[in-house]
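Using the hints provided, position chains E, F, H, S and V relative to the given structure of chain P.
Chains as they are written, first to last, in the numbering used here: chain P, 1 to 69; chain E, 1 to 69; chain F, 1 to 69; chain H, 1 to 69; chain S, 1 to 69; chain V, 1 to 69.
No wet-lab data here; the hints were simulated from the structure. Idealized CB from N, CA, C, for every residue including glycine. Keep in mind that a hint or two might mislead.
Unchecked claim - Cross-link-like lysine-lysine pairs, in silico, DSBU-like; alpha carbons within 35 Å at most: (1) Lys48/E / Lys18/S; (2) Lys48/H / Lys18/P; (3) Lys12/V / Lys2/E.
Claimed, not checked - Per the computed footprint, the stretches of chain V lying under chain S, defined by three or more beta-carbons under 8 Å from a beta-carbon of chain S, are: (4) 1–7; (5) 20–29; (6) 36–42; (7) 52–63.
What the hints assert, rightly or not - Covered stretches of chain F (chain S as the covering partner; in silico rule of three or more C-beta atoms under 8 Å from a C-beta of chain S): (8) 9–20; (9) 61–68.
There are 6 protein chains.
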Amino acid sequence: MKISARNVLKGKVVSVEKGATTAHVKIEVAPGQVVTAAITNDSVDALKLGVGSDAYAVVKASDVMVAVD
Amino acid sequence: MKISARNVLKGKVVSVEKGATTAHVKIEVAPGQVVTAAITNDSVDALKLGVGSDAYAVVKASDVMVAVD
Amino acid sequence: MKISARNVLKGKVVSVEKGATTAHVKIEVAPGQVVTAAITNDSVDALKLGVGSDAYAVVKASDVMVAVD
Amino acid sequence: MKISARNVLKGKVVSVEKGATTAHVKIEVAPGQVVTAAITNDSVDALKLGVGSDAYAVVKASDVMVAVD
Amino acid sequence: MKISARNVLKGKVVSVEKGATTAHVKIEVAPGQVVTAAITNDSVDALKLGVGSDAYAVVKASDVMVAVD
Amino acid sequence: MKISARNVLKGKVVSVEKGATTAHVKIEVAPGQVVTAAITNDSVDALKLGVGSDAYAVVKASDVMVAVD
Chain P
1 MKISARNVLK GKVVSVEKGA TTAHVKIEVA PGQVVTAAIT NDSVDALKLG
51 VGSDAYAVVK ASDVMVAVD
Chain E
1 MKISARNVLK GKVVSVEKGA TTAHVKIEVA PGQVVTAAIT NDSVDALKLG
51 VGSDAYAVVK ASDVMVAVD
Chain F
1 MKISARNVLK GKVVSVEKGA TTAHVKIEVA PGQVVTAAIT NDSVDALKLG
51 VGSDAYAVVK ASDVMVAVD
Chain H
1 MKISARNVLK GKVVSVEKGA TTAHVKIEVA PGQVVTAAIT NDSVDALKLG
51 VGSDAYAVVK ASDVMVAVD
Chain S
1 MKISARNVLK GKVVSVEKGA TTAHVKIEVA PGQVVTAAIT NDSVDALKLG
51 VGSDAYAVVK ASDVMVAVD
Chain V
1 MKISARNVLK GKVVSVEKGA TTAHVKIEVA PGQVVTAAIT NDSVDALKLG
51 VGSDAYAVVK ASDVMVAVD
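Chain P with its partners taken away, still in its complex shape (with noise of 0.2 Å):
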């Protein structure tokens, strides 16, 4: 599947932290860069993503602002 969202970023799984329904990824996508996604435990179970698992950082461009000093 190839998806309109701009932002694709591999990396790798660093921390999965399941909630009640709400879990939190993180994956490394550059060295010392960490991304955190909230995404629901289901799709975590779906996707049976663990701690060093090849994963994606995926953001729709409408998602990301930017900021300066």
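Frame of chain P, contents of chains E, F, H, S and V only:
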């Protein structure tokens, strides 16, 4: 200002394309890893964004999805 | 690629309208039920979307609201 | 109330799962086509959502992505 | 229609700027406090929005971030 | 840090409710006008948010919808 968004990736602006109301700003956050943001033209002006600007790509954790091959 | 987004609705593209930077793509996901996506013009090109294309409308669960009469 | 969100899909609630703060509500919007919404527990109560309720899944066009095989 | 979105701020439209596909609508929700919405041109027409219209700015709780100085 | 998000509403935190992974923070941005944010528990800690804290509710323009009666 310190923000709750869990993902704040430091980089450099590599392109700015203004549309009628919506602009696309590309930020290189790691060598070869470019993030695209769709923001308002007004924000481009307010933040004085241009090619070469230091900038952060900011994403709320609930807007990050995870994918696997 | 398998994605964490819980909502992947199969359908057919019924219209594509490009703007200056943002395009509107309409996908019929059930008879008479059309979903509108606002994505980048770049994505329309990258996915080669046109009227009649098979396509999926993909939505993260945290972006779905519920309403009642 | 009439809303700007372009996607308002009519259906019936088929499951409600409350978490600690976030609930998952599944709405069948066409035979066999179920949409999952992650909303606050408060909203489930305010809208009195339960299995069998008539309800709409509402999505802003800018939150819809497109994918192809 | 009653919606799950937790944030429904009543106000008056103070400007409408249509782009090629995306419009910017500004709503004053309290004296001096203006909220900007980026919605489709189609929605502006469907809701007959113009300067002076009574309108609500509606935001899902999961789309609100918090910042501190 | 200066952010592209067009909506930055100043206020005071009136409640913080932590869940398993997701917290709900309510900010009064005008007399009687309260905005609810669903953010990670981690962010509540990182920003040291508590009742009475000065804080901003921050929303990207593309996440704001408009409604009329």
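Going through the hints against the structure:
1. Lys48/E / Lys18/S: holds (23 Å)
2. Lys48/H / Lys18/P: holds (27 Å)
3. Lys12/V / Lys2/E: holds (15 Å)
4. 1–7: Holds: 4 residues of the segment 1–7 of chain V have a Cβ under 8 Å from chain S.
5. 20–29: holds (count 4)
6. 36–42: holds (count 4)
7. 52–63: Three-residue rule met by the segment 52–63 of chain V, so holds; n is 11.
8. 9–20: Per the Cβ count (4), the hint holds.
9. 61–68: holds (count 6)
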